[in-house]
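Novice: Take the sequences, apply the hints, and build the full model.
Chains A and B, in that order, are what the protein sequence lines are.
Everything in the first sequence is counted per our numbering, starting at 1 for the first residue and increasing by one.
Everything in the second sequence is counted per our numbering, starting at 227 for the first residue and increasing by one.
Read the hints as simulated data drawn from the structure, not as lab findings.
Glycine included, every Cβ here is placed at the ideal spot set by N, Cα and C.
Some hints could be false.
Every beta carbon over 12 Å from chain B, so not counted as near; a handful from chain A, in silico [said to hold, decoys possible]:
(1) Ile61
(2) Leu77
(3) Leu89
(4) Pro91
(5) Gly100
(6) Phe123
(7) Val210
(8) Val213
Heads up, simulated DSSO-like pairs for lysine-lysine below, C-alpha to C-alpha not over 30 Å straight-line [said to hold, decoys possible]:
(9) B:Lys345 / B:Lys386
(10) B:Lys386 / B:Lys449
(11) B:Lys345 / A:Lys79
(12) B:Lys386 / A:Lys79
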Amino acid sequence: MADLFRAALAIAIKDIRVEGRSRTALISAVTFAALVLVIFNFARDPGALPKSALAPSVLWITFTFAAVIALNRSFALEKENAALDGLLLAPVSRSAVFLGKYLANLAFVFVVLAVTLPLFVLFFDVGFEGGLPGILAAAVLATLGFVAVGTVFAAITVRTRFADLMLPLLLFPFLMPPVTWAVQITTRLLSGRPVGEILGWLRLLALYDVVFVTLSLLLFPLLMDE
Amino acid sequence: MTGAPHPIASPLLEARALERRFGSRWALRGVSLSVSPLQCHLVVGPNGAGKTTLLRLLAGLARPSAGSVQLLGAPLSADAASRRSVGLLSHQSHLYDDLTAFENVEFAARLYGLPEPAKAARVRLETLGLAEVADQPLRRLSRGMVQRVAVARAFLHDPKVLLVDEPFTGLDPESARRVSILLDAEMMGGCGVVLVSHDVHEAWSVVTHVHVLVGGALVSSRKRGPVETAEAFLQEYRSLLRG
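Specialist: This is how it looks when you write it as structure tokens:
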């Protein structure tokens, strides 16, 4: 078990180091998030729809779409120089490869979230009024689940000719439940509803995480064999 | 290392009746190979003959449709640790362009669980004459230097079996000669080598066995003659291709 985490950590640190040098995924994801927020902010008819009605959906759509850009990069970098073969040749379990990629992807997506959330507050002028911890909890729980699914699909689609297109096509159906629940949580918290009202959604997000992180850990090794 | 008699030793790597299909197409049919210490098996064949597929099966990167690969007497891929005995040097470097040469090799050292990975990486890079460029990003290095970093990565964990795919491609004569010397040194250390190369002349000094792969099947498989030249073997190879 110690070997698994040691190898996973080495892979995660390597991925973060590579992204730290190239910044390809992060700059793309953060720029995309900022542009979407700007477009939603100005392309809306203020008389027809108040910002508060639109804000939760905009936040989650922006965040998850931007996260997909970051996820796409995670296995694309292994394609250069057939580096993935080097990983798979090493005497580490395929689960360690998944965990390493998963940890690195979580780090990237949390950075995207850390940038998206202040931009969202800036453009949509929302006051969290005590709801911020709940929104962050929803963000963390939703991210843990969909990044696991996204890591598995990124590993599958990187071997296809249209990886950039295939990942969203495969991933979005699996994103619908956590995004829907996260939107419900955000809507209630932004309208000042009590925290008790969101506990059910948070439990659903936690259940999604347990199911999909476990499934991803089990399926990933099978998907890596040619 | 020029075709001198070698002590008989139990095989490091044994492939038995390997077959691999991609849909209805056969990439490999009934390929058997036995590699012992101090042996270098040269596999030649035209493009699409199945050479790279063979190496991928021997490395455990792909599963055979039929047949088996035994590594040190145990089935390959039975557990992750069995892969520790294999090193694969490919024309693809398995390296990251955005990392330095040192970071690439150190990462491999961590994956292979070597004690003191940073030290192991530095020592290996120094041995290959790369100490001065160790901290440069890989993308700034020449093709020959990148290949040497790839060698450092592939041989870092002192594997018992080396699988080498077109190691001389794109290298200048000096860099190609260095790779030959390295292969020779690894063999003298007790390794068994399977070498796929079109550059028979460059590889010939280390070769002990020759195999000709055509259409996924071995059409010739034998020891290299003690005074046989690369040119003589190439003539035989061409006549085999003509059929």
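Novice: Checked against the structure, which of the hints given earlier come out wrong?
Specialist: Hints 2, 3, 4, 5 contradicted; others consistent.
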